[in-house]
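Could you put the whole structure together from the sequences, leaning on the hints where they help?
Number of protein chains: 2
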Amino acid sequence: MQIDRRKFMAGVVATGVLPAAATIPVPARAAAPPVGKQAPGFYRFKVGDFEVTTLFDGNVKVADPNKFIVNKTPEEISVALDAAAIPRDNMRNPFVPVVVNTGKNLVLIDTGFGDNGPPGVGGLMGNMAAAGIDPKNIDTVLITHFHGDHISGIRAKAGTANYPNAEVIVATSEYKFWTDEGEASRAAQVWKGGFAGVKRVFDPIAKDVKRAEYGNEVVPGITMIDSRGHSPGHASYLVTSGTGKLMVLGDVTNNPAIFARNPEFQLWADMIPDLALTNRRKLLDMASADKIRVVGYHYVFPSTGYFVKQGKGYEFAPAAWEGTL
Amino acid sequence: MQIDRRKFMAGVVATGVLPAAATIPVPARAAAPPVGKQAPGFYRFKVGDFEVTTLFDGNVKVADPNKFIVNKTPEEISVALDAAAIPRDNMRNPFVPVVVNTGKNLVLIDTGFGDNGPPGVGGLMGNMAAAGIDPKNIDTVLITHFHGDHISGIRAKAGTANYPNAEVIVATSEYKFWTDEGEASRAAQVWKGGFAGVKRVFDPIAKDVKRAEYGNEVVPGITMIDSRGHSPGHASYLVTSGTGKLMVLGDVTNNPAIFARNPEFQLWADMIPDLALTNRRKLLDMASADKIRVVGYHYVFPSTGYFVKQGKGYEFAPAAWEGTL
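Just so you know, the protein sequences line up as chains A and B, in that order.
Residues in the first sequence are numbered consecutively from 76, following this note's numbering.
Residues in the second sequence are numbered consecutively from 76, following this note's numbering.
Hints are computed from structural coordinates only; laboratory data are not their basis.
Since the list can't tell identical chains apart, any single copy or any two copies may satisfy a pair.
Pairs of lysine to aspartate or glutamate residues, derived as EDC-like cross-links and limited to a Cα-Cα distance of at most 16 Å, are as follows:
1) K211 to E242
2) K384 to D360
3) K112 to D209
Source: prediction; values computed, not measured.
Structure below.
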């Protein structure tokens, strides 16, 4: 015997066993589970004929903003953080290498931490894969400077080269400073690990590392620019294709909402602060006057936009996100 | 007989047939072709226990900034554009719907153009797929207002519902205005198409569209907020989970670098300009005072961050990009 479900339910309701609302059962739809996965961290745009990709290696929390900025009072730092909507207890420092495909060369500028970093970083290789870039096809690695977040990814912890077919090009002055035994022995405690990291990365490839001078066109279309100060031999790179121009600034400023808006704010890692400030102003003056697109290594991802001179500082304006190239 | 290539090359050089540099041939490596593909346009973050995803539908070029902003002189507009590094001839207007997964509901706020838009838009469905969200699992569509870039994607050109299992919830006042035959007949020419679009989208589902009042919790954890002015019944949405809060502003301001920095700038599409300005100030005052994270429909993707009150306006500060949730 078949039971007529509708009549059965009506009877149940009539007898008061179930409330009336239960008479119109709706199809049970389980809520979709959260996806839990972030978008890949890459973003792409053209500079003339060149294809540029910014790549997210990850970020870390700044332990103490009052030690991150070393020449201002906690009150001055609070004002600057508030103006940038950065919470004191969760200031983030991201790491953003760049790939430039010139059509003739596939160039990586800075390498992130690789597998040598703290928790929260080391995403570069995964994001390169998502971006369709094979590390084996990178033919040139350009370095802005020798701090660990820029060079550690050249070589995995196990010793293998992450970009096995790439020529590594660095500024002569930077190489000289960090491989000088005298500098190493005189270094402040905070930089001892940096010197050790340089040894780890560069000793095995010392004879193959190409040193270049500021002003050199290190790859056709890419010129090394003097931006010393953050480190003794810091280099930025000017990418030019047709009328397209891009300045890959490296660490000329850290987060622009703090350090470009307030150029005199001194980052703990600015090794020659006065020279860093001079070259910060020089490059941001150039970028703003000529409306040159920039990429910065520690800018909120996708880390590309323009500078506008404003009062004593420079405002960063993110470039429009485009869905196509 | 085997030819010793090294000796042969040396001989060639010695005889002057080839220049010396040719004696060390490097392996020919074809440059990797450009990838030519943009990253998917989605970005994800948590608000309390809720999973929020912003999704890029695309963008268009503003034909003439001097007609986009209707109450300022070309000189005043130029000053504002320059301050935001927006070129006069390439001001972009992006479109960014949002999905909120509350764990119980999967909610889409605004629907982009679907296949009813101009070139450069209609990317929402593709980006939802990339984000792992199935349109069939969307159980609620919330609408901020009835302008075409927000509602056209409810229904494909061919008539099919893009979110076939979703209840559509709108503000009573917005629905009333756009479905009023008197309003339609009195409408300025520029809005005639808008009324036609509303008919196309809503007529077939009129009896199923749920009307809600400002202050209603339309979905558990999501409250409709009065932000009239941009349109007669514009609604924003406050998302709350635990101590987490997010304001999905819709069109309270267009691009914040212009319209939040200069709240009195009037967008051509602000239908009741004085009320729009009043509610713009009300909501941005609230967002900045309480440091509430926001999403804006026409902000540079990923379109999420915080407002800081500054002088007569509000500065938008993008939230840090996180590689994980």
